[in-house]
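Trainee: Here is what each chain is made of, one letter per residue.
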Amino acid sequence: MLIEGQNVLWVGKFDLTKKNSFLVSNNTFYIFFDLTDPVKDFFSQWADKDFKSLTSNLFLNQLEKQFGEISAANKSNFLKTFTQDSSVELVFTYSKGKNLLLGDLVFILNKGPFKFNFIEKDEINDYISSRSQKNISTPEKMSEPPEDLKALSSSRDDLESQFQSQSSDIKKFVDEQNMRLNSERRLVKLIKDLAELNDIDDLLLILRKELKGFNYLREPLLIYTLDGESVFFSQMRNSERHEWYQNIKLDWPEKFTVAKGADLANWVNVLNRPISKLVLLPFSLDLSQRFFPKAKALLIVEDLSLADQQALSHQFLLDRQQILSMSLDRILIEYQLTLFSYRWEKVFDHLKDPVAVIDANYNVLRSNQKFLNHPDMQSFKCYKVFANRDTPCVGCPMEIEPAVDASVNPERIEFNNKSYRLLRNRIQAPGDQQVLYFHRYYDETQHDQILKTLFQLEKMSSLGELSGHLAHELNNPLTGVMALAQVLQASKEISPQIKKDLNEIETGARRSLGIIKNLMNFTKADQGESLIESLESISLDECVERTLPFLKTALRQHRLFVDLKTKEYLVRLVPQIFQQVIFNLIQNAVQALSEQGTIKIWSEVDEKNQRVKLLVEDNGVGIPPENINRIFDAFYTTKKEGQGTGLGLSISKQIVETFAGYMSVESKPGVFTRFKIEFPYEGSLK
Amino acid sequence: MKILIIDDDEIVRLSLKRAFEMFSHQVFLAACGEEGLVLWREHNPDTVLVDALMPHMTGFEVLDNVHANSSLIILISAFTGATESDIHASKAHHFIAKPFENIIETVKQIETMYENHCRKI
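Chains A and B, in that order, are what the protein sequence lines are.
Positions 1 to 686 (this note's numbering) are the ones given, in order, by the first sequence.
Positions 1 to 121 (this note's numbering) are the ones given, in order, by the second sequence.
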């Protein structure tokens, strides 16, 4: 447990094969402790007692009692050094990476009469050699010269000593000057290095290089916070930067401090590492504090140096305090700026509308992804990348100058069948000459479509109502006309020729009444009856026959082929609603024909699958393959304004599917377009 | 048979009058509900044809204002004029839709209805 050397004790387990050659200094007594629980316990016995007034005898006695006997020579050496200038140094060694909460120990030691240090086990060699060097220069004694020579040389000695003292003054002066020059050169070099660095890694690496000369200073640790809550710790370990952060409240020192007492104990606990001496070098972050008032930064260096080395190392650090502050300040601000713009850019990218910052010459300075419809490496003009145009968009409000930070009334721009409402703000930073514009584009294409459709539907519904009234009004007179014609035909006094004419009148009236009846069924809005109540068993053929009369005018200039063969197969649907589908399909076919064309309507049975099919085909323009998938989308239309709402096919498909049917389309551009409707049939009359 | 026809449409009244007269029935015409009620009381007709949809007073309101009597009451209406439940709730015995498929047949149909009606009473 306890091994002795001259003026040195090793308490605990140590591998001492090499260290026995330890060159002992005459005026320091070292005790090395292996930092284990017994050692901690040994010191904690003084936690409540006055460790400062601890007598050397008591300490020695306790040490012997706990860890083993000490030789008389060492005891006396210890007592001598302790009383002379208290140069007893306790060195605690620990294994790397172990979690050691040693705040208490440090606190106790701080109260005590001993110097102390903590080092890692594998640093023992370096530590010993750094301590030994100091004691290497033991002055050599010169042999005394003969008496007669003394007199002779005395005058020369005087001269020489005078000369030497003068020249040594000069040398001292030159050396001092050189030293100062050197240190200033180093500072200039440091400023140059710091000016080029980009991140905290670089800063820490430069610091490491700077502190290389002081092998009793450990790797510096940089601590900073921007919000006063999240504290970041950065340290180089080998060639990698380790960074971690903690939400912690710290006492940030105002100026250069050597941590002592409770302060040191606190830091030991924060850093979770045994430390004997800490140097705290605060950085001033003037720039960062403008944006983050609670920003703080601090450089912590673990100091293993002896008292006479400290002044030098502390001055060295103080000399660098300001330039290091400025560099860190710059790095932090730059980093925050990068973060800030990155986050803003993300925010813009997440907007569902295109946005862009544009200058007065239509150049895009910033935009989100949605804006870049047509990325172009050559041009940054907004109309090029957004609308793929070579001139500004129609309706662009660039000529209208909004007041600073105010938006002008929304403008509308249109291209490629799309319509946008453009909101525009002027951006001009205080004191900046350049005027920029923030453009937000709201896609109103669909909005417009819905509006148009609503108008159309409104029109349709009033038309439906109107035709309902009209039909009702016509019903009575036509009933009278038909009835009178029948009565007159029954009369005996009327000639055969007139009878024949009356029959024509009757037929005409009957046909008119039939049309009116169909029309009223067709426009009959749902009158509270549910769909299921209105379901009928009817053949597709019947539905077509009921609908065709309404399309006679529309079909007039085209050739119409009707071939219905499924009269006996009944499907379940609401005829008035399904008629709309047939109406739509034929209407569509007619609109696809620019000149006289052919429309074929036929029905067929698929007995194997128990299905009936209705097909409507035209030989018009056809549907290009790229559009065929969108043909059933709501609001999709290629028709001219006013001709269609883009809802017909979409609604038709829905209707067919409501009645358990299936609707599909096939087209060969320039040859034909064929819509097919299929229903399962419920039974055959055959 | 004395027949009262209450219908606001002149050509309907006229055609029905001609058809019934062909079969030698006596026809009274009323152009609105109020007039119909007056004629009803005055002539106590065997059969009354009343249009369901008329301005001012509908056919249903006419029937609501009739006191119990032995007339055969037939409601006539266009296909969207009335619902079945309305007809059932009224005092009408029968319902005939306008337009008539064949007015001669309609007259014969009403004659049969009347015979059955008399037999029941």
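In case anyone wonders, no lab produced these hints; they're calculated from the structure.
The model shown is predicted, which means the values in this text are computed figures rather than measured ones.
Even glycine gets a Cβ: it sits at the ideal position worked out from N, Cα and C.
Check each hint, because a few of them may be wrong.
[Claimed, not checked] Below are the BS3-like pairs computed for lysine-lysine, each with C-alpha atoms no more than 25 Å apart in a straight line:
| no. | chain 1 | residue 1 | chain 2 | residue 2 |
| --- | --- | --- | --- | --- |
| 1 | B | Lys91 | A | Lys492 |
| 2 | A | Lys500 | B | Lys120 |
| 3 | A | Lys499 | B | Lys108 |
| 4 | A | Lys608 | A | Lys567 |
[To be verified] Quick partial rundown of chain B residues pointing at chain A, CB under 7 Å, derived from the structure:
| no. | residue |
| --- | --- |
| 5 | Ile11 |
| 6 | Ala19 |
| 7 | Glu35 |
| 8 | Ala78 |
| 9 | Lys98 |
| 10 | Pro99 |
| 11 | Asn102 |
| 12 | Ile104 |
[As the list claims (entries may be wrong)] Here are the in silico distance ranges between beta carbons for each label pair:
| no. | chain 1 | residue 1 | chain 2 | residue 2 | range |
| --- | --- | --- | --- | --- | --- |
| 13 | B | Arg119 | A | Tyr662 | 49 to 59 Å |
| 14 | A | Glu666 | B | Cys32 | 53 to 63 Å |
| 15 | B | Glu34 | A | Gln654 | 18 to 28 Å |
| 16 | B | Cys32 | A | Glu493 | 25 to 35 Å |
| 17 | A | Ser467 | B | His67 | 38 to 48 Å |
Trainee: None of the hints should be skipped; say for each whether it holds.
Mentor: Results for each hint:
| no. | hint | in the structure |
| --- | --- | --- |
| 1 | B:Lys91 with A:Lys492 | 38 Å, violated |
| 2 | A:Lys500 with B:Lys120 | 42 Å, violated |
| 3 | A:Lys499 with B:Lys108 | 21 Å, holds |
| 4 | A:Lys608 with A:Lys567 | 18 Å, holds |
| 5 | Ile11 | 3 Å, holds |
| 6 | Ala19 | 5 Å, holds |
| 7 | Glu35 | 18 Å, violated |
| 8 | Ala78 | 5 Å, holds |
| 9 | Lys98 | 5 Å, holds |
| 10 | Pro99 | 4 Å, holds |
| 11 | Asn102 | 6 Å, holds |
| 12 | Ile104 | 5 Å, holds |
| 13 | B:Arg119 with A:Tyr662: 49 to 59 Å | 57 Å, holds |
| 14 | A:Glu666 with B:Cys32: 53 to 63 Å | 60 Å, holds |
| 15 | B:Glu34 with A:Gln654: 18 to 28 Å | 50 Å, violated |
| 16 | B:Cys32 with A:Glu493: 25 to 35 Å | 33 Å, holds |
| 17 | A:Ser467 with B:His67: 38 to 48 Å | 41 Å, holds |
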